[in-house]
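*Asks:* Each residue of the sequence shown is one higher than the one before, starting from 1 at the first, in my numbering.
Treat the hints as calculated values from the structure; they're not laboratory data. Incorrect hints may appear among the rest.
Said to hold, decoys possible - Quick list of in silico lysine-lysine cross-link-like pairs, DSBU-like style, CA-CA up to 35 Å:
#, residue 1, residue 2
1, K79, K61
2, K61, K77
3, K17, K27
4, K26, K42
On a predicted model such as this, the values are computed, not experimentally measured, just so you know.
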Amino acid sequence: MSNLSEIVDSLEHRIGKLLNKHEKLKKANTELEEELAVLKSKQQQFENEIEVWAEKCNSLKLANSMLGSDQHKRETKLKINALVREIDHCISQLSE
Numbered sequence: 001m002s003n004l005s006e007i008v009d010s011l012e013h014r015i016g017k018l019l020n021k022h023e024k025l026k027k028a029n030t031e032l033e034e035e036l037a038v039l040k041s042k043q044q045q046f047e048n049e050i051e052v053w054a055e056k057c058n059s060l061k062l063a064n065s066m067l068g069s070d071q072h073k074r075e076t077k078l079k080i081n082a083l084v085r086e087i088d089h090c091i092s093q094l095s096e
């Protein structure tokens, strides 16, 4: 009988260790999920910021080319032509 009680005690000890380890892993998993959510939020903020800076960069390129820079003249001409076509389209719609 003492052999059986030793086996039961050993099993109880092992089960206790497993439960303890399970709780630690659940806690670690929860922390990692929270960290992931925070990082996803930061990533979205950075992507939005990149879009804003890209728009500012394009505006500066356009302004620079309008000031006489030869570097971006082609881009500026294309942009102006696109704007003129859009204005013409709007005028034609208004006159209908």
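*Asks:* Which constraints among the numbered hints does this structure fail? Numbers only, ascending.
*Replies:* none
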